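J.: If you read the sequences in order, they're chains A and B.
In terms of this note's numbering, the first sequence has 25 at position 25, counting the first letter as 1, and numbering is strictly consecutive.
In terms of this note's numbering, the second sequence has 49 at position 49, counting the first letter as 1, and numbering is strictly consecutive.
Incorrect hints may have been included.
Which bits of chain A does chain B cover? Going by a derived footprint, with three or more residues having C-beta under 8 Å, they are [said to hold, decoys possible]:
#1 290-298
#2 312-323
EDC-like mimics (lysine to aspartate or glutamate), calculated; alpha carbons at most 20 Å apart, straight line [stated by the list, open to error]:
#3 A:K444 <-> A:D525
#4 A:K187 <-> B:E101
#5 B:K62 <-> A:E457
#6 B:K108 <-> B:E146
#7 A:K325 <-> A:E437
#8 A:K289 <-> B:E41
#9 B:K173 <-> B:D57
#10 A:K429 <-> B:E64
#11 B:K33 <-> A:D392
#12 B:K13 <-> A:D392
#13 A:K362 <-> A:D600
#14 A:K341 <-> A:D445
#15 B:K13 <-> A:E437
#16 A:K444 <-> A:E457
#17 B:K142 <-> B:E101
#18 B:K13 <-> A:E434
Think of the hints as simulated: they come from the structure by calculation, not from any bench.
Just so you know, these numbers come straight off a predicted model, no measurement behind them.
By construction, the Cβ of each residue, glycine as well, lies at the ideal position given by its N, Cα and C atoms.
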Amino acid sequence: MNPTMSEETTQQTKDTTTTSNPNQSTTNSPQNDPQIRPRLPSRPSITSTPLSPLTLGTARSLRMAAPTTKTSFENAGKQPTRYSGFLDNNSMYSSMGLNGQSNHDNSDMFTIRTTPTLTIYPAGEDGNYNDAESTFTDRLEQMISRTNSDHNQKQAEDLFDDLHNPVIKDAKVFLILSDAGKLIYAKSSTDDEDQEDEDRYIGYVGLIQTVINSFQLDGSNFKSLIAGSTRLVVMNEAPIILVAVSKLNESEQDLTNQLDLLHSFLLSTLSKPQIIRSFQNKHGFDLRKHLGRADLSGLDALSNSLINFDIGVLVGALQSIRLRKTIRSKLNQVLLNNKNKDILYGLLVAPGGKLISIMRPKRHTLHTTDLQVLFSLVFNQFKDKKNNFDEDEELWMPVCLSKFNANGFLYSFVKFVGNFALVLIAANKNSFFEMRETAQNILKDMITKDLLAPLQEAIRRPITTLEIQVPLVYHFVFKSKKNLQYIVPNLPNEGNVKNLQKYYVKLQSSIDRTSKISITYLKWDSPIKSSSFPPSNSMTPSSSRPPTRSQSTISLSATLNNMNNSDIQDPNSISGLAWSTPNYELLVISSSSGGVKKEDLVTSARAIVNWCRKYEERLFVHNGATF
Amino acid sequence: MSATQGPRLAQFKLVLLGESAVGKSSIVHRFVKDSFDDFRESTIGAAFLTQTLKINDNTSVKFEIWDTAGQERYKSLAPMYYRNANAAVVVYDITQSASLERAKVWIKELQRQPNYQDVTIALVGNKLDLEEERQVSEEDAKLLAEQEGLLFFEVSAKSGDGVLNIFQEIAKKLPVEEQLNKIHQKSASKVNLQRPSTNNQTTCCA
Ligand SMILES: Nc1nc2c(ncn2[C@@H]2O[C@H](COP(=O)(O)OP(=O)(O)OP(=O)(O)O)[C@@H](O)[C@H]2O)c(=O)[nH]1
Ligand SMILES: [Mg+2]
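Take the sequences, apply the hints, and build the full model.
T.: Structure, rendered in structure tokens:
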């Protein structure tokens, strides 16, 4: 185990009768009342479907190895890094080994595995540590070709060292390709905004083809692969293949959920039959040509939000807006009073996809992923407008909500009112003017009932840790499982939630999903060090010697020894708690001198839980307006 | 009954058609908000906007505008928007000759409509500010418009040049008086229906 972090499970009450399937994703919640509870989201299951035949790549046999338990080898102290304080913007990246200063913790250590993970053991020689031009692709390709020859453990270890080499520069990459190997879309964390440089992904495609092909011929289902600190997850949605490459310690399930969201987004404007038909008609069909500006900018927005960390996707829930109960019920009444026969769903949403209210049939709810996709589409149409939405403009968007029905389109009427959007969903494409009239009536009623002001006020006013009186808590995520919604407090000092990704990812994956109740306490001994994130082209290659075993870890002292700067006195320590019950899930991050003791953090967590339960009806949309 | 001197409002439906990225949404926003956005998002489905234009001292035309998505994928939805339209603005990008070809296809499609004769159609070349990148000559497009009996304009949504003019010229072609008279007749007959003759005696014949 990586000594930079200690983990302790303080309480794990097993309950065999209600033990959930470990394959279940976090969004699966107890369904107490099937009539009014949100539909059980069928997140992609880890056991994947068979891959379709692939046309590219050579078959190579890869060995299936037992998941490794070896310590990760770190290039400790290669480059002096500036200690730039807790949770600054760049710390996330630096922690992922992008500065040659990789002090990440190996997620293999205790991620709860849902399927066997394939680990490739290399064979053959390698002396390329100082090859700055070497790409990630080259590395993996070498690795794969090496598996053809005899290999031994020593060389396998070399490979692991190799993969910690900073030339593997992308902290995260998403690829969408056709099963014929054509690149459809690519996005990476190091993408230059102004420069569309897709060429550099071409290598990835060949690689992935090869890998998939190998596994196919082996009869095994290729899902996920770990090479050193890099996790690669493939989702086969033939004729489309989605790939995530991440060095951010995200679990297979995390990445699978993200790919599922991207796939759902792709379906949202195309729908499944359209994609399949297109591919059938023309061999070697190029979906890229069929992706317009809207699709690309939508995919960009979504993948950027995933790269920049989306808590909602991590916990599989929608963020909700706090409203008084009386306001909520008045809102519901207004929605119901104006409902017309064509409306399937009505939604009030704040920017960032925060749910204010929902009107729906008693027996139907929408899938979280569908809503995340819909909200992303809606707000992306206006993304440069900040909060000044265009109230004169009304949209009529055909949307395929793929979890609802991947084969057809629904029509969304969208109107912005001040700082929120009213969305009315209908099945009938000719019902725009009915929807428009309904929307006008809803707004009229909201004005007469004085609902607009409190709503806009609620959207502006965040939850703070101060009002819950948990001074030890820096940030938290509370998810109500039955409502599939979560709340977070605002970050102090304009902090960036991206900096919390490492902790939340780890906390989230530490939850024992086989138990009814799981509480995990984690402590990071040292905040993440950071120098400024170097531009990718100036990435310094690591020294020519392979990192040695003695450098295998970065502890606080080891790191401090390698720094000349004086601003290293920050004694902050970060601890976290993950607490899951059948009703809720709470992730807490605390930062305090010397760290926060487990007992104290549990006390704070309990205070948060009590507060959230006390104000449950304010914090979450319960049934919404049902008809 | 003689026409009242109060403001009169005629309503007409207008649809914008044309290839993606030619600037349909930009033209509409220039007209409706007098604003321009360099990074406008491509339209998904269609957007609905309204704008009222004063055509003389006591008469205004309210345009109900469908700004459609240019992407081919949404092509099959287009009839929904142009079916009842009184006016159609077919837009191309003067820096992209392919976009004029697409405009021709739209014009053909509109001409196949049964009510084609009643629809005022304008061919609009946008992005006039990019003169140096021009691929479509003004003469060619103008000739096409004349042959097909369409209004023709070259504009820039970015600078605003000529945009308002499109709608003013269209408004001149629209059967404003006809519609106002119809409305007038309708409301007059409505009044008659709603008011039993007994009332008339006290008001009219006192
Ligand atoms: N230079 C210049 N650019 C323009 C002009 N009009 C629009 N653009 C730009 O062209 C791009 C496309 O404009 P849109 O208005 O979104 O085009 P559209 O026809 O609505 O496209 P779809 O919604 O995809 O059908 C945007 O980046 C605009 O900023 C113009 O007059 N001059
Ligand atoms: Mg548009």
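J.: Tell me the numbers of any earlier hints that the structure contravenes, in ascending order.
T.: 2, 3, 4, 5, 7 and 13
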